[in-house]
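Chemist: Each chain is listed here by its residues.
Protein chains: 2
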Amino acid sequence: MDYKFSDKVSKLQASAIREILKFTSDPEVISFAAGNPAPEAFPKERIAEISAELLRDDPILALQYSVTEGYTPLRDLLKDWMTEKGCFHKEFDELIITSGGQQANELACKVLLNEGDTLLVESPSFIGSLNAFRSYNVHLKGIEMEDDGINIEKLENALKTEKNIKLLYVIPNFQNPTGKTMSFAKRKAVYELACKYDFIILEDDPYGELRFEGENVPNIKSLDTEGRVIYSSTFSKIISSGFRTGYCSAPAPIIQKMVVCKQVADVHSNMWAQVVSHRFMSTVDREAHFKKLRAIYKEKCDLMCGYIDNEFSKKIRYTKPQGGLFVWCDLPESCDMNEFCRQAVQQYKVAVVPGNSFSIEDGEVSHSFRLNYSTPTNEQIKKGMDILARMTREMLD
Amino acid sequence: MDYKFSDKVSKLQASAIREILKFTSDPEVISFAAGNPAPEAFPKERIAEISAELLRDDPILALQYSVTEGYTPLRDLLKDWMTEKGCFHKEFDELIITSGGQQANELACKVLLNEGDTLLVESPSFIGSLNAFRSYNVHLKGIEMEDDGINIEKLENALKTEKNIKLLYVIPNFQNPTGKTMSFAKRKAVYELACKYDFIILEDDPYGELRFEGENVPNIKSLDTEGRVIYSSTFSKIISSGFRTGYCSAPAPIIQKMVVCKQVADVHSNMWAQVVSHRFMSTVDREAHFKKLRAIYKEKCDLMCGYIDNEFSKKIRYTKPQGGLFVWCDLPESCDMNEFCRQAVQQYKVAVVPGNSFSIEDGEVSHSFRLNYSTPTNEQIKKGMDILARMTREMLD
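Which chain is which? The protein sequence lines are A and B, in order.
Be aware that the first sequence starts at 1, since it is given in the UniProt record's numbering, and climbs by one per residue.
Be aware that the second sequence starts at 1, since it is given in the UniProt record's numbering, and climbs by one per residue.
This is chain A alone, in the form it adopts within the complex (with noise of 0.2 Å):
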């Protein structure tokens, strides 16, 4: 049979990664094309307790049905955690609990935009979530990041010259794919040209407790006065990411017609991870267990890093993350970024992504590639930098 699929999806592909972690399945290959936590960065133990309390002494919570706003004892967690960080404002937030960071950029996308909007990234950004977006036939348009962030100039030209601009998607704090974080100044810009333009930002932040280095920066959110910011997080990097437990604060009236979305998408998220997760949250050192990811990541960050400075052909060039999962490193001009990643996997078993999978446009030209730092072994990073490197010393010097 010749089946008919919807336009919304009849061009759309599966990741892009997905076709590189197939090389990963080889057992001799050194994968940096992950985005996993750590393994050891779970807290395995404490979730062991906790589930065989909660099976024990209140299994039909865990197993029954319930609201789709979410586990009531979380939100409430997650409303208070959220003040303190500024991204809750009690006088016009609401929250939702959500099947991961995924998901609530999703119901964003849906919520808000009809088919030929336009929704404005940074470029590069994050495939998931420009696929997300890509499903529902919405028109996607990138805004060039630079070190500290969007370009502001570009994106104010875009505010100006496109038509039917709803939404602008942003990761300020360790951008996947780049690791970069956007300065405080851009932030404040970026919300300044929301109110200006009159659009909505959807600020995505599954990374913003893994800064292990620098000072923080006030999220968006922080700022928003006119309720004009959608705040999206998730438990994946900070308890379990195979839980699917996030969370969005954002003015009620959007979060009501998200509810909706989500009672029609999955009626509500596994509720054994949601009570697990409050139960972690409500009961653990949050900041030392923060500390404790923190130092893992900036190991795992020194190691690969030390490699691309020392070892590394100096016509590569990166900024260094101050947090977060991801390094991208731009390659020379000259050289043919596809055939660099190519060769890495199939000659010298290490997996890296090519920077244009996270391209807005069909044929955009990339010359960077994206490594990642959190899923290998030390051991592994070791192997797989020393490999890379004198790779980029035989191609490039």
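If you are wondering where the hints come from, they were derived from the structure by calculation, not from laboratory data.
Please note that the accuracy of each hint is not assured.
When chains are identical, the list treats them as one kind, so a pair holds in a single copy or across two.
[Stated by the list, open to error] In silico SDA-like links for lysine to any residue, alpha-carbon gap of 25 Å or less: (1) 4 / 159; (2) 44 / 10; (3) 44 / 57; (4) 4 / 84; (5) 163 / 3; (6) 292 / 65; (7) 160 / 252; (8) 298 / 59; (9) 141 / 114; (10) 4 / 92; (11) 349 / 65; (12) 160 / 1; (13) 320 / 347; (14) 291 / 59; (15) 314 / 285; (16) 4 / 114.
Mind docking chain B on chain A? Use the hints.
Modeler: Same frame as chain A, but now just chain B:
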């Protein structure tokens, strides 16, 4: 701020049942309005055992990211089980794990239909699915339900007159809300019409294992020689609804598109629940487990229907269900159904769901209400049905 929402969600309302459920937070109200499995039906001790083993021996499997398609051992188990049931055709089908049966139904609509396309549904039908379809701005056309399922003549009539029909949504076993089962003759007729008029059937089967009376009727999917049937089901009623673990078998090209759309929706379903479901299903004596569930629901159904048979006004018509969770009662046309339901909950403190909650079109007149027997205790069924019986006699006789 005045928020502008997308056309597809601006008119979308939360399930009307939620309005009824508000009253049920009053502890004095006996609720026949929910659709939750009986708490005693959850295999909670076995789930606790499996979970403890998993989090002790293999925690990272439960806590780390995984693939969108679902946990491979669970998919393999389901492919085998569905093959036995005739609901998986190795030659052309694939299978995906979804976040509850709800997600399968939403993905099927997203993948196949453009805004304005027509989706045929039984009338009345399950509000959750209807709203999922509405959230993609598709045109819903209801086809009358009879005691043995959808009216075939009216279905063919619609196929001749409606334009751009892509999908027919049916719940052949113990339909929600009517509790009715489609006869085998009608299942064959529906499939033949799909071949003749070239559309896809979405067969939703959340209650299939809960047959406590009568002979099993083969699923429509078992008749599928041309690759025209999407079959979706869930562990919600046989293991746990809080898990949000469902599954869907369909021709491989459709599953491929559903995988892409699920990836952008929630990346993958909660891993702990997937692994626990797999270990439960592969170690339990399935038939003994299902037999136990069927006995629970048969007892509750018999108890409830005994009151309708013996105590209700004879002016109330109903069809005794052979499985599932719901009984559908028709009031005489002279009776104002909404007023009946309002009085039941406000004056007599018994909550039932007004039939028009399941209507396809706005303003459709319904003379029915839905009763649920799975959620209340036997004591609550006795007390609540005694009250409703008196009410029907007083109002109708």
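Chemist: So, for every hint listed, does it hold in this structure?
Modeler: Do the hints match the structure? See the list:
no.	hint	in the structure
1	4 / 159	between (36 Å within a copy, 18 Å between copies)
2	44 / 10	neither (40 Å within a copy, 42 Å between copies)
3	44 / 57	both (20 Å within a copy, 11 Å between copies)
4	4 / 84	neither (49 Å within a copy, 29 Å between copies)
5	163 / 3	between (34 Å within a copy, 18 Å between copies)
6	292 / 65	between (35 Å within a copy, 20 Å between copies)
7	160 / 252	neither (29 Å within a copy, 45 Å between copies)
8	298 / 59	between (38 Å within a copy, 24 Å between copies)
9	141 / 114	both (15 Å within a copy, 23 Å between copies)
10	4 / 92	between (43 Å within a copy, 16 Å between copies)
11	349 / 65	between (46 Å within a copy, 23 Å between copies)
12	160 / 1	between (47 Å within a copy, 22 Å between copies)
13	320 / 347	neither (27 Å within a copy, 68 Å between copies)
14	291 / 59	between (32 Å within a copy, 22 Å between copies)
15	314 / 285	neither (43 Å within a copy, 64 Å between copies)
16	4 / 114	both (22 Å within a copy, 11 Å between copies)
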